Amino acid sequence: MDRAFQFNSRRIKAIMIKELRDFRRNRFVIVTMMLLPIIFILAPLISIFSIKAGVLSPQIQTRIGISLFYMLLIPAIVPTVISAYSVVGEKEQGTLEPILITPISREEFLIGKALAAVVPAVAVAYFVFGIFLLATSLFASAQIHSVIFNGPRLLIQFVYTPLIAGWSIWACLAISSRTNDVRVAQQLSTLASLPPLLIVVLFATDVISPTIKYAIYFAILLLLINLAGWKLVSRLFNEERLITGSTRNG
Amino acid sequence: MLTQTESESNHNGDYALSVENLSKNFGQRTAFKNISFKVAYGEIFGFLGPNGAGKTTTVRTLGTLLKPTSGQAFVGGIKLNESNSQKIRSVISIMPENPGLYGRLSIQENLECFGELYRLADPKEKIAQSLKAVNLFDRRNDLCRSLSKGLKQRVGLARSLLNNPKILFLDEPSSGLDPVATKEVQELILNLKSKGITVFLTTHRLEEAEKLCDKVAIINTELKLIGKTDEIRSQLFNSTVELKTVHPIENTVELLDNNPDINSWTNSESTYLLQVGTPSTMIPKIVNLLVENNVEILAIGELRHSLEDIYLKTVENG
Ligand SMILES: Nc1ncnc2c1ncn2[C@@H]1O[C@H](COP(=O)(O)OP(=O)(O)OP(=O)(O)O)[C@@H](O)[C@H]1O
Ligand SMILES: [Mg+2]
Chain U
4 MDRAFQFNSR RIKAIMIKEL RDFRRNRFVI VTMMLLPIIF ILAPLISIFS IKAGVLSPQI
64 QTRIGISLFY MLLIPAIVPT VISAYSVVGE KEQGTLEPIL ITPISREEFL IGKALAAVVP
124 AVAVAYFVFG IFLLATSLFA SAQIHSVIFN GPRLLIQFVY TPLIAGWSIW ACLAISSRTN
184 DVRVAQQLST LASLPPLLIV VLFATDVISP TIKYAIYFAI LLLLINLAGW KLVSRLFNEE
244 RLITGSTRNG
Chain P
61 MLTQTESESN HNGDYALSVE NLSKNFGQRT AFKNISFKVA YGEIFGFLGP NGAGKTTTVR
121 TLGTLLKPTS GQAFVGGIKL NESNSQKIRS VISIMPENPG LYGRLSIQEN LECFGELYRL
181 ADPKEKIAQS LKAVNLFDRR NDLCRSLSKG LKQRVGLARS LLNNPKILFL DEPSSGLDPV
241 ATKEVQELIL NLKSKGITVF LTTHRLEEAE KLCDKVAIIN TELKLIGKTD EIRSQLFNST
301 VELKTVHPIE NTVELLDNNP DINSWTNSES TYLLQVGTPS TMIPKIVNLL VENNVEILAI
361 GELRHSLEDI YLKTVENG
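Protein chains in written order, with the working numbering: chain U, 4 to 253; chain P, 61 to 378.
Honestly, the hints are just simulated from the structure, not real lab data. Watch out, some of these pointers could steer you wrong.
Listed next, the in silico DMTMM-like pairs over lysine to aspartate or glutamate satisfying Cα-Cα at most 20 Å (straight line) [stated by the list, open to error]: (1) P:LYS186 / P:ASP202; (2) P:LYS212 / U:GLU95; (3) U:LYS16 / P:ASP182; (4) P:LYS127 / U:GLU242.
Remember, it's a predicted structure, so these values are computed and weren't measured experimentally.
Can you build the whole structure from these sequences, using the hints too?
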């Protein structure tokens, strides 16, 4: 089982590129990538702009917090939707055997796959958040502006986005390496992607006060969870099982 | 049965493949057991057996994808174990039964991915070369999901040539192909041999093995038989001589029954099948005897047994 850990960026890039090329021609992935951001930008914008100018009550703070949280669903959900196909699709097409017979290590293979899902998801999430910030700085009242353009909140939004996407992808890879059904993989991993969002909800609802200190603590926690997820997936990635479970008549 | 079991030391650089008492179990189920054989460099080695005989599992085990349960093997002179699997992978290629292409990627893109995984020095050139070797260069921009089975097989072959393997495992490369596509693949395989590549070929097609292989093994969980195709024929069967005469032979007791050179015989009308020891020396003697006795001979010759006879006989005898 334990093979020397090795890491070659050329191989990782090769896996990433072939995944992205595959996504590009997958109508389901394209539609998802276009629809989800639209859905996830509309609700927060409507919510923010329907706040009446005037007093800033704690409820309004919460409402803004929830809107920001809502946009963090993008890094949670997008990677699972696009990469549930990842391992299951490889099994269905019988592509794992030729891949694994090359000198690629399982770490390289998994990282390539993870990056191929995380990079577009984070890009979409940042893009949506960028639009949101632009819209609020142009059109929102000064009070709302001051709540959103606040150090800890911005930190949470930017730093947690890749961390949440990372968690989500490990959950998805772990699940899809153990099932042969794309739909099951998708549903289970969407569910599994949600727990880290709990931290964000606690910030949004001021159960944990959104200070820089706490934001960093929980970022570190998420990072550790990511590392654990990565270890777990590497462990679950059993070549023998993936290959012999892959074809019907051998 | 005839198996090669001479034990050797840890050095087996002389053989492309050297396998000793190799076994693989999946839990309680035995995929193959106590298999031993040797394949010289540059040979085409045919690995024959019925469904479920363990052919694919053998390929995967020798290809470092599965861990053997017991026994040992050398692949390209390198001992088969986990710490050597990278080394072994760099000298072999496997074309699985299902070519396993990314359907949404073009032929070129599929090969580009593998060219990078092998870290080729000049991927562009090597990919073009591999595609030309299988006559697919003009179709390199087609998406793989739109290809026919035969074309997919050829893409798989092109892909397995990318790393200049010394040993190439082909798992039923012509299964499901029409006669024309089969012939093309077979020509490609012979072409590989002429380039000095050792080919390990599993197949259901006996005439294919007979046509392509220098050596064949028949397995059914255990190795039933191994040898050069010609040698196997004479080991397993008496040679059969077919004799056609103008009129049925009248004096069969004297000419056939009491003839010490003929072990047994059968006939239908004036066509006779004679079981003899070595046809090359027996045929002239038989001809002389018949001519002396005024039997008019239309034709006489050795009947070659097809591998199929051997295969069925071996598999049926368990
Ligand atoms: N992952 C597995 N778990 C349990 N049994 C397996 C597994 N893979 C293969 N087998 C069994 O091992 C035996 C050999 O299978 P294998 O696929 O090697 O046969 P094969 O000779 O390639 O057959 P075919 O001609 O149908 O391709 C079969 O009985 C098969 O059911
Ligand atoms: Mg098979």
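Verification of the hints:
1. P:LYS186 / P:ASP202: holds, 19 Å
2. P:LYS212 / U:GLU95: holds, 16 Å
3. U:LYS16 / P:ASP182: holds, 17 Å
4. P:LYS127 / U:GLU242: holds, 10 Å
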